[in-house]
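Produce the complete structure using the sequences and hints provided.
Chains as they are written, first to last, in our numbering: chain A, 12 to 351; chain B, 31 to 355.
Misleading hints may appear alongside valid ones.
With a straight-line cut-off of 30 angstroms between C-alpha atoms, the simulated DSS-like cross-links for lysine-lysine are [to be verified]: (1) K49(A) - K332(B); (2) K50(B) - K106(B); (3) K55(A) - K106(B); (4) K332(B) - K245(B); (5) K55(A) - K332(B); (6) K50(B) - K55(A); (7) K233(A) - K55(A); (8) K211(B) - K245(B); (9) K146(A) - K55(A).
To be clear, the hints were calculated from the coordinates, so they are not data collected in a lab.
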Amino acid sequence: MFQILTPSGALNQESPLEVEMIRRLYRAMVFARTYDRKGTALQKQGRLATYAPFEGQEAAQVGSAAALDPDDWMAATYRDGAAMWMQGYPLELLLAGRTGDERGGSPPVHVPVLPPSITVGGHMVHAVGLGWAAKLRGESRIAITYFGDGATSEGDFHEAMNFAAVFSVPCVFFCQNNGWAISLPREEQTRSETIAQKAIAYGMPGVQIDGNDLLAVYQTTKEAIERARGGEGPTLIEAVTYRLGPHTTADDPGRYRAEGLTEEWRRRDPLERVRLFLSEREVWSQSWQQQIEKEAAEEVDLAIERAEGMSPLGPGEIFDAMFESLPPHLARQRAEATQQ
Amino acid sequence: MTVRNIAQAINDALDLALAKDSDVVVMGEDVGRTGGVFRVTDGLRDRYGADRVIDSPVAESGIVGVGFGMAVGGLKPVLELQFMGFSYPAYDQVVNHVARIRNRSRHRFSAPLVIRIPYGGGIGAAEHHSESMEAIYTHVPGLKVVVPATPYDAKGMLLAAIEDPDPVIFLEPIRLYRAVKEEVPEGWLTQPLGEARVEREGEDVTLITWGAMTKETREAAVLLEENGISAEVIDLRSLVPLDIETLTESVQRTGRAVIVHEAPRTGGFGAEVAALLQENCLFDLAAPIRRVTGWDTVFPLKRSEHHYLPGAARIAAAATQVMEV
Ligand SMILES: Cc1ncc(C[n+]2csc(CCOP(=O)(O)OP(=O)(O)O)c2C)c(N)n1
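Dropping the structure here:
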């Protein structure tokens, strides 16, 4: 398994990133964690619908998204808020979606990110289409898709991988193997020794990496993106990580997994090893940590305020995005709905 | 007799079926270890083992396609698809294989399986978790489609579905899982598929519904009574086969009908009921048949779902209009 930065903060090989950039990505991971924890807390207060926390997966999401160009496409899942935010998806819209507001699915025009996929697997094929469209239109952008270990069992995984390889589509398949698909452990999801090895059957490279290692994630994704952009086709990356929290706020992991295992993974925390690395180089301090945590909390709180401040859609508005213009039968129903 | 909610009644039925017949297996995502996302299969894996209460990979087409093979091969699978919005990857298997094998093989093979699907909105869930797409199943020749709305029916109809020699789509109203409780007799009992239930007798207008909407429809009947209108409420509970006799008898008597469903209006099962009623009792009708349904929109997310779901007031208003004709 490819690793650059060890859990104790030491380098196995040269870092692909300058220290200053690592410091910026560390700050992004702190932001992501702050957002994620607040997401769970808000749900507990009944202010969000179900929330799917990504704690433990920050390096996988931040490190991979950091390797993208701003106009590269992204098709991700309900658990990928950090990756989406890195690619420009506004926090307040991520949150609006989770409050149960459709406008959360409508990022600004310059943000090339699809709304999060709630169906497992369906969006992987979309990324192939996005990447292929770019190729056929002579654009240099590529597409990246994020998905979990569970999603590799869906038929759509097979179809996406096969299409992408057959047509040499500029697409990166980024699997966050977080050990669990709700209650099903990775070993029972597939008998493949690794998820990365599935790539062989499709005729594309597959790499297994330490998904809690920011630097390995960054470097591997960067290489895959360069291959895609250079016309060499898709890559499958398996980032081995761990879902430290529940599947969603409606889930109770105590029913299916031992607490000890989670504790063991906490010791491989993706933020901690970067902190040690920075501390070693004297570019981390307690006061800086406090400062970025405070900035993160303020920014997330502001986003929450904005999301919750959106005046709710009225009864007529649930009709207004069904078609570009309202067909007569819907216009009649809309009138019926609004006169009640 | 034990007081049970719908989730517990289904659990009880599965427990009895697994105990009685070693060919019965339960399979679906997360049904084993964690007892399903709604805890409907809670405890069954401990009692019957991981070979009979099977945690499947995340693969709906696989669950139904493999379940089909199991059924043809002699087992009686009770499959769970986690939410109706995730049943679509399996739709090809349902339409092209599960529903057809008996005809395709002229009775040589059959697929006596049950597909349990939680459906319906009103719990503020994420997208795809609130679907009421029963009509995409009722439209498929070769399937039975049932929707219990009480604990007794949930138990009795699930056991009847498991005994049934043909495939049954068993829809479970999510909103009612824990909202309705009643005493349910112990032991094996079956409620035949294809019989409607007269939930409340009345004389002036027949309100026809099924599944989760039984609650709002009952409430509407109470509102109507306060205004001197006596509404009969019929819970279809079996969409295919449909108990047209009970419906016809009622509408012939009241002369008025309002059909209530949560699903979108166009092509909804209400249209089928209305067509059958006009075929059977057009000249008994004193007013046009009305439908109160979800709109032809995507089911809205949490903050807007109240704009979509038909409530008691909307149902009562439609019934009142029908009375004024
Ligand atoms: C098509 C489909 N089937 C089932 C579900 C219900 N479901 C939501 S998440 C999940 C597990 C997915 O696991 P994985 O792909 O490993 O991603 P993770 O949640 O661990 O990030 C399931 C079964 C769904 N959302 N979509």
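Now the hints, each set against the structure:
{"no.": "1", "hint": "K49(A) - K332(B)", "in the structure": "holds (19 angstroms)"}
{"no.": "2", "hint": "K50(B) - K106(B)", "in the structure": "holds (12 angstroms)"}
{"no.": "3", "hint": "K55(A) - K106(B)", "in the structure": "violated (40 angstroms)"}
{"no.": "4", "hint": "K332(B) - K245(B)", "in the structure": "holds (20 angstroms)"}
{"no.": "5", "hint": "K55(A) - K332(B)", "in the structure": "holds (15 angstroms)"}
{"no.": "6", "hint": "K50(B) - K55(A)", "in the structure": "violated (42 angstroms)"}
{"no.": "7", "hint": "K233(A) - K55(A)", "in the structure": "violated (37 angstroms)"}
{"no.": "8", "hint": "K211(B) - K245(B)", "in the structure": "holds (13 angstroms)"}
{"no.": "9", "hint": "K146(A) - K55(A)", "in the structure": "violated (44 angstroms)"}
Checked against the numbered hints given earlier, the structure breaks hints 3, 6, 7, 9 and satisfies all the rest.
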